[in-house]
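Note that the protein sequences, when read in sequence, are chains C and H.
Residues in the first sequence are numbered from 1 upward in steps of one, following this note's numbering.
Residues in the second sequence are numbered from 1 upward in steps of one, following this note's numbering.
Since the hints were derived computationally from the structure, they do not count as laboratory data.
Careful: at least some of the hints might be erroneous.
[Stated by the list, open to error] Residues from chain H shown here face chain C by an in silico Cβ test under 8 angstroms; the list is partial:
#  : residue
1  : Ser40
2  : Met83
3  : Leu98
4  : Glu111
5  : Ile118
6  : Ser122
7  : Lys123
8  : Cys165
9  : Leu228
10 : Leu299
11 : Trp311
12 : Glu314
13 : Thr321
14 : Thr322
15 : Ala328
Here a beta-carbon is modelled for each residue, glycine too, at the ideal position from N, C-alpha and C.
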Amino acid sequence: MNSLDPRVSRLPEIGKPGVILPKIPLDQFASFEVFVQPREGKPFQHEGIVHAPNIDMAYIFAKENFTRRFTCTSLYVAETRNVYVSSTTDGERNAYDLVADVSTSGVNDEYEIFHLVKRGKQHIAVGTVMAGSPEEAMSTARKMFNTKLVYNIWAVKRSNIRLTTPEELDLWTTLPEKRFRDAGDYKGGDKLKDFLDKQKLTS
Amino acid sequence: MYGGGNTFEGVKTDSVATEDPVLLAEFEARIARGEKIEPSDWMPQLYRKQLIRMIEQHAHSEIIGALPEGTWITRAPGFKRKMALMAKVQDEVGHGQLLYSAAETLGKSREQMIDDLISGKSKYSNIFNYPTFTWADCCFISWLVDAGAIVNQLANAKGSYGPYCRALERICAEESFHLKYGHHCVIYLAAGTQKQRQLFQEALNRWWPPMMHFFGPSDKISTHTEVLMRWKVKMGTNDEMRNQFLDMYVPKIWELGFTIPDPKLKKNTGTGLWEYTEPDWEEFKRVINGGGPCNQERLEVRRIAEERGKWVREALKSAKTTYVTPLA
Ligand SMILES: [Fe+2]
Ligand SMILES: [Fe+2]
Ligand SMILES: [Fe+2]
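The following block holds chain H by itself, in its conformation from the complex (with noise of 0.2 angstroms):
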């Protein structure tokens, strides 16, 4: 056949119920000897949806997550930082792209997610309702919310769906400018005047309890996730994550003698684990819901963006080509 052919035909079941067990097997049985599946395999409902969910989630995020940078590019310090936060920012939204482009592999139109994202449908990481005050804020995203990310993405490019896993790794390799580029920024701030590393300081403060957020809520309270283990969907819980995330970080920001809001965090020596006050789910909750101080903002920039490059994308539409489902 000629490519484009698989179709989505949305998904309304939360169970395997319904599937062919002798092919639900076969399909468990792939990923259990660490094969891939790609887009033209079966695969049952339920791992479709939550697949589009979580890819589109995250290309979502990359989108958004441009927007409190962006802002700061016209007013980074000096020309070199200016250039550097430019690259990076262009690098997230080719981060959208890609991830977009997977999501679609699985039959949802990339104009469906983008709808979905202005409607308020769809979700992106929480982290980005809040706003970026000063040149630290965006220091602040630069290392650490893009650490955070890593941590993700990094556990992510080992999941079982073939076209995510090639979006990851070249993402990834990208990840890594970012982050370094992000410490250098944070090293200079550190190293800077007193009102240097103030302005740090504060965004720490202001950041911190929204970064304990990022990896999603405490295992104790979210629905569990063992199918989607099981099928290399989500490679490890939200505390895990983010137990790794404060493992490779939290020394980090220790060295340069700045200090974590939080009197309770500290490495419990016997378990290896992070002991740390329990964030506030109430208000993750509530900010993922559209109370946060940023959330109407993103979306209405997003949605004018789209509003206004309409009559470009009609003036360029041509009936010798169409849309289809990409391929891998």
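For reference, chain C alone in the conformation it holds in the complex (with noise of 0.2 angstroms):
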């Protein structure tokens, strides 16, 4: 290839333009949910997206994608299959109103819940029931947090997630020399009212 980019024009030549080769279906890995924690205090909410092999590389994936600019205390992923989610509803319909009732397992398994509160924001996780099942922690979830409506309910195993350890919590800590990819690093105002005030004197 010839480009005004010598790194292009040293490109190997594989295949032909336009031409996909032949590959194995669906090579973009496995879905997972992240989840971060904004502030100290604050619950952890729904952030989006990552593809990844395996669970330890979509914390890291998680991490350079979404707290890469926005800074925060805490980050956790989990895979999308480990996600129970309950019916989407709309306008008065409490989305708990739907959830079934499951009698009482005696499992103790933990499952963080999580709310959707207002359609078009993250859900947003309000805390951990005991359970043996999602659909029971669901049922429990429903007697322990249903105060407000809700428009959909998200239940986690929480042997399924992928925590911050205490160890990595300084993965967050700004070096004050990367301001660089600040805004407000860029203050071109003086730089051109100079400019400005110099145009003025020779015109």
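Given two chains presented individually in distinct reference frames, assemble the corresponding complex, making use of the accompanying hints.
Below is the structure:
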């Protein structure tokens, strides 16, 4: 290839333009949901998704993609398949009204519960329940957290979540010499004013 | 149910004639109330199709748009500019990631989108089919192409599809750095030597026509978008967006003493609208259909990267996990 960019010109020749060589289908990896704690004392909230071959790499991608600029105090990820979701409702209909009653199993697995309280906003963590299945977790959550209108509920078994360890908390300590990544570091105003003043003098 | 349920069956329709009228009325009422549509909600096939197309194109534009700027990282003047440009290009690729995810919630897999980009089936912002000859071209993109993108993104952030709006909120917050950085670069060229001023003036001459194309064909010739406006997929007409851009940035370009290469460009104080030479829409069509100076190179860079990364993805692929449609 002949490019203005020598690195592009040096690219090896592989296949033909516009033709995708045969490959394993869906090689873009599994889907993981990303949750971030924006500030100390605030609940975790859903931020988006990443694709990764395993949960530890999902955690690293999530850190890069979602907390590179918007620093946070903590982050966790869970595979999308392991997020149990309720029906979505609207208007005055509460998603909890559609959650079926499940009798207590006596099994004490921890489940994180998330609420969507406003359409268009993120799901926010409301707390933990003990249950033997996600259905039971939803049912228990209805008894514990059904205090106001919610449009959607998620339940994730805590053992399926990749949490931030205490040693990893310094991931978000921003180095002072990285200010060049902030809009605030680009004050062109003085230079511009000088320039405009000089223009006025010469004209 | 567990996450990853809704799948996309491919949309053939171009009308809403086959949609359930009751569901359609509910859907439209929800949008009219200002509520967002979430991935698990019922939606007309046409809405799904148009959103996938739009978000996917936006994602491709971020990825391809990183190329003409990325090429200047090693040659940016000074360490600080190199670091800043690297951070900006990293952001753009990150925007691509966020947008692909938002489009995926509608049921099209990321892999399919990337394949469609490489095969030329999907489009991306036409402006990135032009080359960055000098550092000043790169500065033009950082400041003014990003400014144009921000005009579109701020409008689209008020649209009706929840995941797209949330992605755009994050993106717009990062764009403020891009805009400040780009303006800073251009101020330094403007206040620099005669040679530096000339460098930017030449870049402006080269980039002005594609910049005018950036917002899409004039309302006079573009196919009508009434239903997309009602569904808050499109938040303004092409001409409205172009006018907003001109309103915000032409004075800033003039302030720096540069000449915009269009003798007819002026604001009509009566209508409040900008008047300009009609952009060459034939040229726009020619470039978007593959005839631009860099179309082939852009796609080749993506394709070769994809092929070279394939063995890594195959080595990492594990039977224990699998791709599913993301949740929100
Ligand atoms: Fe961007
Ligand atoms: Fe950009
Ligand atoms: Fe940008």
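Here's how the hints hold up against the structure:
For Ser40 (chain H), the interface hint holds, since its Cβ comes within 8 angstroms of a Cβ in chain C; the closest pair sits about 5 angstroms apart. About 5 angstroms separates the beta-carbon of Met83 (chain H) from the nearest beta-carbon of chain C, less than 8 angstroms, and the hint is met. Of the supplied interface hints, the one on Leu98 (chain H) holds, with its beta-carbon coming within about 6 angstroms of a beta-carbon of chain C, less than 8 angstroms. Annotation: Glu111 (chain H) was flagged as interfacial toward chain C, and the flag holds, the nearest CB pair being 4 angstroms apart, inside 8 angstroms.
Because the closest C-beta pair between Ile118 (chain H) and chain C is about 6 angstroms apart, less than 8 angstroms, the hint holds. The beta carbon of Ser122 (chain H) is not positioned within 8 angstroms of any beta carbon in chain C (closest approach about 12 angstroms), and the interface hint is therefore violated. Here the hint on Lys123 (chain H) is broken, as its CB sits about 14 angstroms from the closest CB of chain C, past 8 angstroms. At a threshold of 8 angstroms, the smallest CB-CB gap from Cys165 (chain H) to chain C is about 6 angstroms, leaving the interface hint in force.
Because the smallest distance between the Cβ of Leu228 (chain H) and any Cβ of chain C comes to about 19 angstroms, over 8 angstroms, the interface hint for this residue is violated. Annotation: interface hint on Leu299 (chain H) holds; nearest CB of chain C at approximately 7 angstroms, less than 8 angstroms. For Trp311 (chain H), the shortest C-beta to C-beta distance to chain C is roughly 10 angstroms, which exceeds 8 angstroms, and the interface hint is violated. The beta carbon of Glu314 (chain H) is positioned within 8 angstroms of a beta carbon in chain C (closest approach about 6 angstroms), and the interface hint is therefore held.
Against a cut-off of 8 angstroms between C-beta atoms, the interface hint on Thr321 (chain H) holds, since the closest Cβ of chain C lies about 3 angstroms away. With 8 angstroms as the threshold, the beta carbon of Thr322 (chain H) comes within range of chain C, its nearest partner Cβ sitting at about 6 angstroms, so the hint holds. For Ala328 (chain H), the shortest C-beta to C-beta distance to chain C is roughly 6 angstroms, which falls under 8 angstroms, so the interface hint holds.
Violated hints for the displayed structure, listed by number in ascending order: 6, 7, 9, 11.
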